[in-house]
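Just so you know, the sequences run in chain order E and G. So in the numbering used here, spot 155 of the first sequence is number 155, and the numbers just go up one at a time. Each number in the numbering used here comes from the position in the second sequence (counting from 1) with 170 added on.
It should be emphasised that the hints constitute simulated quantities derived from the structure, not laboratory data. Here the structure is a predicted model, which is why all the values come from computation and not from measurement. A couple of the hints might just be wrong.
As the list claims (entries may be wrong) - Each computed DSS-like pair below joins lysine-lysine, with the alpha-carbon atoms no more than 30 Å apart:
hint: 1; chain 1: G; residue 1: K236; chain 2: E; residue 2: K65
hint: 2; chain 1: E; residue 1: K42; chain 2: G; residue 2: K393
hint: 3; chain 1: E; residue 1: K81; chain 2: G; residue 2: K391
hint: 4; chain 1: G; residue 1: K481; chain 2: E; residue 2: K65
hint: 5; chain 1: E; residue 1: K48; chain 2: G; residue 2: K532
hint: 6; chain 1: G; residue 1: K236; chain 2: G; residue 2: K282
hint: 7; chain 1: E; residue 1: K89; chain 2: G; residue 2: K481
hint: 8; chain 1: G; residue 1: K411; chain 2: G; residue 2: K236
hint: 9; chain 1: G; residue 1: K393; chain 2: E; residue 2: K48
hint: 10; chain 1: G; residue 1: K454; chain 2: G; residue 2: K385
hint: 11; chain 1: G; residue 1: K391; chain 2: E; residue 2: K48
hint: 12; chain 1: G; residue 1: K391; chain 2: G; residue 2: K434
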Amino acid sequence: MNPKEEREVEILEDIGSKFDVEGKIQRERRIWISIDNKELIKLCGWLKNQGFEHLSAISVTDWVKEGRFEVTYHLWSYKDKILLTLKTKVDREKPVIKSVISIWEESAQIHERELHELFGVKFKGNLDLSSLFLEDWHGPPPFRKDFDWREYVRDEFYDKENEREKVYYD
Amino acid sequence: MTRKTRGKRFTMIDEMEPAPKGTEYDFYFGPAHPGPGNFGVKLKIDGERVVSARADPGYLHRGFEKLMEYRTPIQNAVLSDRLCVLEPLNWNLVHAEAVDELMSIDVPERAKYIRVIMAELSRIQSHIIWYGVFSKATGFDTGFKMAFGYRDYILDLFELITGGRVYPAGYICPGGVRRDFPNGARDKILKVLDKMDEMIKLEELENPALDARAKGVGILKVKDAVRLGATGPVLRGSGMKTDVRKDEPYEIYDRLDFEVPVRKEGDAYARYMIGIEEMKQSIKIVKQALEELPEGEVIASKFKKPKVSVKMPEGDVYVRNEVARGEGAVYMVSDGNGEPYRTKIRGPDFLHMIPVLEYLLKGTQIADVPAIYWSLNICPADMDR
Numbered sequence: 001m002n003p004k005e006e007r008e009v010e011i012l013e014d015i016g017s018k019f020d021v022e023g024k025i026q027r028e029r030r031i032w033i034s035i036d037n038k039e040l041i042k043l044c045g046w047l048k049n050q051g052f053e054h055l056s057a058i059s060v061t062d063w064v065k066e067g068r069f070e071v072t073y074h075l076w077s078y079k080d081k082i083l084l085t086l087k088t089k090v091d092r093e094k095p096v097i098k099s100v101i102s103i104w105e106e107s108a109q110i111h112e113r114e115l116h117e118l119f120g121v122k123f124k125g126n127l128d129l130s131s132l133f134l135e136d137w138h139g140p141p142p143f144r145k146d147f148d149w150r151e152y153v154r155d156e157f158y159d160k161e162n163e164r165e166k167v168y169y170d
Numbered sequence: 171m172t173r174k175t176r177g178k179r180f181t182m183i184d185e186m187e188p189a190p191k192g193t194e195y196d197f198y199f200g201p202a203h204p205g206p207g208n209f210g211v212k213l214k215i216d217g218e219r220v221v222s223a224r225a226d227p228g229y230l231h232r233g234f235e236k237l238m239e240y241r242t243p244i245q246n247a248v249l250s251d252r253l254c255v256l257e258p259l260n261w262n263l264v265h266a267e268a269v270d271e272l273m274s275i276d277v278p279e280r281a282k283y284i285r286v287i288m289a290e291l292s293r294i295q296s297h298i299i300w301y302g303v304f305s306k307a308t309g310f311d312t313g314f315k316m317a318f319g320y321r322d323y324i325l326d327l328f329e330l331i332t333g334g335r336v337y338p339a340g341y342i343c344p345g346g347v348r349r350d351f352p353n354g355a356r357d358k359i360l361k362v363l364d365k366m367d368e369m370i371k372l373e374e375l376e377n378p379a380l381d382a383r384a385k386g387v388g389i390l391k392v393k394d395a396v397r398l399g400a401t402g403p404v405l406r407g408s409g410m411k412t413d414v415r416k417d418e419p420y421e422i423y424d425r426l427d428f429e430v431p432v433r434k435e436g437d438a439y440a441r442y443m444i445g446i447e448e449m450k451q452s453i454k455i456v457k458q459a460l461e462e463l464p465e466g467e468v469i470a471s472k473f474k475k476p477k478v479s480v481k482m483p484e485g486d487v488y489v490r491n492e493v494a495r496g497e498g499a500v501y502m503v504s505d506g507n508g509e510p511y512r513t514k515i516r517g518p519d520f521l522h523m524i525p526v527l528e529y530l531l532k533g534t535q536i537a538d539v540p541a542i543y544w545s546l547n548i549c550p551a552d553m554d555r
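Just chain E, with the same shape it has in the complex (with noise of 0.2 Å):
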């Protein structure tokens, strides 16, 4: 094992003694943390005094054949220079997860409200999810996998019966 792995690995079985995850290093200064999603506040806000201040992302990936969204924190410790991430799954038809506004504030406020815009996961306790990029848009959350761009667009502003248009029915 490199030298340089030992904190990582120091980190990771700390979690390990506390909470009930799934963890492995992914290579230097990246640890993967997969956790259910009752459990999450609790593990992010002990997370964050162990010095994981810096919030660097929250994305969304759609598993659509699996049927659930799988929500991805990406968290920074400037202490330890490791970067966390931790993975933690919600029903595709009830995407419904607590919110981290409570532990980090202002920067989760607003990846949580461009997720919600995006793929529909809806942030119990973040009071502001109001639209945030696509004003006026009345479609379904456009980056969901089953969303078909192409098809929206069409159906949408082309009409099949315009002698120009029609080509985009073929």
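Could you slot chain G onto chain E? The hints should help.
Chain G in isolation, oriented as in the chain E frame:
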């Protein structure tokens, strides 16, 4: 005007009784202003004071994250140019590194050096624009013209090396770089760096207008900066010594000797001075990299002939880089196909232009809005994506 009198003036306004009901008005800063670009801030104003600010993004939303799901890494390399108009090469690098890591590609040594040289040149020209728009915002129009004049020297270099002046069309691509330096590129880069030294001297000239408008304005404390998600020059201007190039060296940054400039004040002036210091450090980096530039291949054999379809193994990576504006990152998930299953792009301005800006503008005077706004080194392109 000293900071003291400024501070006093602030308290005087704060002590004033709130305006009678109905005298507050909305002021829309942007989106068609020549400076802010495709971005607006809705300000609520009471007399001279900004009561609240709400960012209004979305004018430049192109959905790159979704577009990338339909394209192969080679096509996405070209697409990644457009993530930020002012620093396409830096974003090229973030994307290329994500693919490299996902496919476990060994990038040739020479390509690593060229990548760093190009990224640092891109950082210099981006900081020059920062100086230009910041000068314009504080009423020093000559600075703006100077900046765009000197930036052109670097654009000439980009044209020579990549073929494109502003957009390099994916010059830094997965596996290395598209092509080697042409003949005479090294001497030309050194000549341009001399010009940049000249530019820095001009930037450092005393400018009373700028001092008066930027000192003590838009103070961001380090605790707030971390909470709001600020990174890069904004965070360093608040006194936190952090730089992805040092904290988590990528490419060849661990072999190079450079400093990370930090200032404690946290005001607009401190952020602006960080920009100038960083340009000096970037010049130092480029000179070192040119000195040590090894011979050899510039692209891994897998990507030598650009194939349209390349299979990426299953997995996910999170790659962080220090782009000119702060922390730029890509989270790439692959399900084993040619196209990435999901690409999340984390632009520094997403945080700088929404939470940080809203926080800084609240309670300031309307005349300070431009100085605060441009001191954050903003670019709507990587915020909207």
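| message | Hint by hint, where does the structure go against what was stated? Just the numbers, ascending. | response | Checked against the structure, the only hint that fails is number 8, while the rest are satisfied.
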